[in-house]
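Letter by letter, the chains look like this.
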Amino acid sequence: MNKGTKLAMGFATITLLLAGCGKATSSTSSSKSSSAELSGKVTAVGSTALQPLAAKAGANFTSKHSKVNLTVQGGGSGTGLSQVQSGAVSLGDSDIFAEEKKGIDASKLTDHKVAVVGMGPVVNKDAGVKNLKMSQLKQIFTGKITNWKMVGGKDQKIVIINRAQGSGTRATFENAVLKGATAVKSQEQDSNGAVQKIVATTPGAVSYLAFSYYTNKLQAVSVDNIAPTDNNVENNKWKIWSYEHMYTKGTPNATTAAFLKYMTSKDVQNSLVKDMGYISIHDMQVTKDAKGVVTSK
Amino acid sequence: MEQTSSGFKQEDTQPKDWAQQLHHATRATREDWLGRGISYLCIGVIILVVASMLWFITSKGIATFTQNHVNIGQFLTGTNWAPDQGKNGALPMILGSFAVTFAAAIVATPFAVGTAIFMTEISPKRGRKVLQPVIELLVGIPSVVYGFIGLAVVVPFMRHLVGGSGFGIISATFVLFVMVLPTITTMTVDSLRAVPRFYKEASLALGATRWQTVSRVILRAATPGILTAIIFGMARAFGEALAVQMVIGNAAVMPKNLISPASTLTSQLTTGIGDTIDGTLPNNALWSLALILLLMSLFFNALVRVIAKRGQLSHER
Numbered sequence: 000m001n002k003g004t005k006l007a008m009g010f011a012t013i014t015l016l017l018a019g020c021g022k023a024t025s026s027t028s029s030s031k032s033s034s035a036e037l038s039g040k041v042t043a044v045g046s047t048a049l050q051p052l053a054a055k056a057g058a059n060f061t062s063k064h065s066k067v068n069l070t071v072q073g074g075g076s077g078t079g080l081s082q083v084q085s086g087a088v089s090l091g092d093s094d095i096f097a098e099e100k101k102g103i104d105a106s107k108l109t110d111h112k113v114a115v116v117g118m119g120p121v122v123n124k125d126a127g128v129k130n131l132k133m134s135q136l137k138q139i140f141t142g143k144i145t146n147w148k149m150v151g152g153k154d155q156k157i158v159i160i161n162r163a164q165g166s167g168t169r170a171t172f173e174n175a176v177l178k179g180a181t182a183v184k185s186q187e188q189d190s191n192g193a194v195q196k197i198v199a200t201t202p203g204a205v206s207y208l209a210f211s212y213y214t215n216k217l218q219a220v221s222v223d224n225i226a227p228t229d230n231n232v233e234n235n236k237w238k239i240w241s242y243e244h245m246y247t248k249g250t251p252n253a254t255t256a257a258f259l260k261y262m263t264s265k266d267v268q269n270s271l272v273k274d275m276g277y278i279s280i281h282d283m284q285v286t287k288d289a290k291g292v293v294t295s296k
Numbered sequence: 000m001e002q003t004s005s006g007f008k009q010e011d012t013q014p015k016d017w018a019q020q021l022h023h024a025t026r027a028t029r030e031d032w033l034g035r036g037i038s039y040l041c042i043g044v045i046i047l048v049v050a051s052m053l054w055f056i057t058s059k060g061i062a063t064f065t066q067n068h069v070n071i072g073q074f075l076t077g078t079n080w081a082p083d084q085g086k087n088g089a090l091p092m093i094l095g096s097f098a099v100t101f102a103a104a105i106v107a108t109p110f111a112v113g114t115a116i117f118m119t120e121i122s123p124k125r126g127r128k129v130l131q132p133v134i135e136l137l138v139g140i141p142s143v144v145y146g147f148i149g150l151a152v153v154v155p156f157m158r159h160l161v162g163g164s165g166f167g168i169i170s171a172t173f174v175l176f177v178m179v180l181p182t183i184t185t186m187t188v189d190s191l192r193a194v195p196r197f198y199k200e201a202s203l204a205l206g207a208t209r210w211q212t213v214s215r216v217i218l219r220a221a222t223p224g225i226l227t228a229i230i231f232g233m234a235r236a237f238g239e240a241l242a243v244q245m246v247i248g249n250a251a252v253m254p255k256n257l258i259s260p261a262s263t264l265t266s267q268l269t270t271g272i273g274d275t276i277d278g279t280l281p282n283n284a285l286w287s288l289a290l291i292l293l294l295m296s297l298f299f300n301a302l303v304r305v306i307a308k309r310g311q312l313s314h315e316r
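Protein sequences appear in the order of chains F and C. 0 is the number of the first residue of the first sequence in numbering that gives the first Met the number 0; add one for each residue after it. 0 is the number of the first residue of the second sequence in numbering that gives the first Met the number 0; add one for each residue after it.
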């Protein structure tokens, strides 16, 4: 008898909990349109380069709109694009245009550019290299130059650290530097963080990072005597950069739209975006399309 | 409800209910049914999960060959891995996985067997008090910690010791050695303890020294168990992803030597899966790697069963 009562009570609790959950979800979906008090669930998944900014902005947004449940996850640009295409998430974060990714139908997705990120080559501090020509950079990553002394550095073997095939950062870098040439087979790492740590500790290492991952433990390299700075990205003197996209499938619901509006607002773009090492889309003097064609604004 | 009180009591107090008692299930019987029902349900769910996993990975893994029409022979023997450009040679990863697995097993086995002999034959007391907790501690450390230690300590150490960039099979072997050591050791300890006492007593009674007894009688009798332990260790090494990925360098090139970067099936899977799109060739090719991993772990399991069976026979003889 005693066991029976306990069981019954357990079931009752579970049913109540489930009922509670059910109510919560139904109320959120019904009050989509009311702009006075935003509520509902927003999930952003994808690019690890955008993840820190999206997470910070998301936290600020939910502190203003307490009824909004906003989740930001990584997983890679490919994951972001395929998840938003399948309708599993509300926002797909990507470093690259959807048009550039095979298997994604870009016509079904809406592009929202929320920031710009500059990327550039980084080398281990001991390599003794501070500037490279674009042609030298290409020869390094295609395996033609194998020692730092060939480009004016120390007599040390070059250790190439690549990002994984299909990574958004790698695609951006290869579009700007290799221009169609095939990179030499080398080490592959799956995140900016891993690259940062390995380049800093491995003698002779070279890789590429988003500006936001630059530290004084590694040497940022100028290309053709142009320094990797935000200003040079804004006027396109520095060619290696990409947009950070948040893709939606079709028209976003009110809460998602409000978050996108918040992300691109002057408030966020002028403070948070800059503080975290990204470049504001409002400061860009040029635009780039999916084919890589740059036009001035 | 009469049935709620136990049958024993009813027999004493109400003998006229005999007929009812014999024709109806007692409370104990019903509890038995309930227990059995729950057990079968759980077993059924587990079987369902395993079967659907097998089906899922297999169906996704063969899509490379059925949908993208990649030649299976070329997939297994090709040496160029660049699925983005339609090149799907998985041999570098297959060889990388086998290399780190065998190397780790070869390095770890002597240490594991030595530790196990110490714990069971030489100093069982200290073994249980000191070594047992140490080994259990090693099991509990998450693999990302092993990977991080590998990246921060083993890789620079190997760079100074043998040259190169430090990333490679030798660093992966070193990290995996520590990770499989507890698996092999604990299972070897079990199989040494399972050796019948009279084997040892008979050997000592015949005038054999302790070392003769250990090396020629106990180790011989425990061989099937030790082999099983090694295979379990190898299965763990073969499936380990994170720690290996952090120290092997993950370059999809044919492993030339122990100190140049290589990659394994698991490391390629974990680095690649986030940047591929469902249903495309690069994604399907990764699932094919997962299928190879699955088939290998089934093979390891089958091997363990075969050895265990042989071991049983030789014990009874």
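Be aware that a few hints might be false.
[As the list claims (entries may be wrong)] Derived DSBU-like pairs: lysine-lysine, alpha-carbon spacing no greater than 35 Å straight-line:
| hint | chain 1 | residue 1 | chain 2 | residue 2 |
| --- | --- | --- | --- | --- |
| 1 | F | K55 | F | K290 |
| 2 | F | K238 | C | K124 |
| 3 | F | K178 | C | K255 |
FYI, nobody ran anything at the bench for these hints, they're computed from the structure.
Each hint tested on the structure:
1. F:K55 x F:K290: With a Cα-Cα distance of about 31 Å, the restraint between K55 (chain F) and K290 (chain F) holds, given a limit of 35 Å.
2. F:K238 x C:K124: Outside the cut-off at roughly 68 Å; violated.
3. F:K178 x C:K255: OK: K178 (chain F) and K255 (chain C) at ~30 Å, within 35 Å.
In terms of the numbered hints stated before, the structure departs from hint 2 and from no other.
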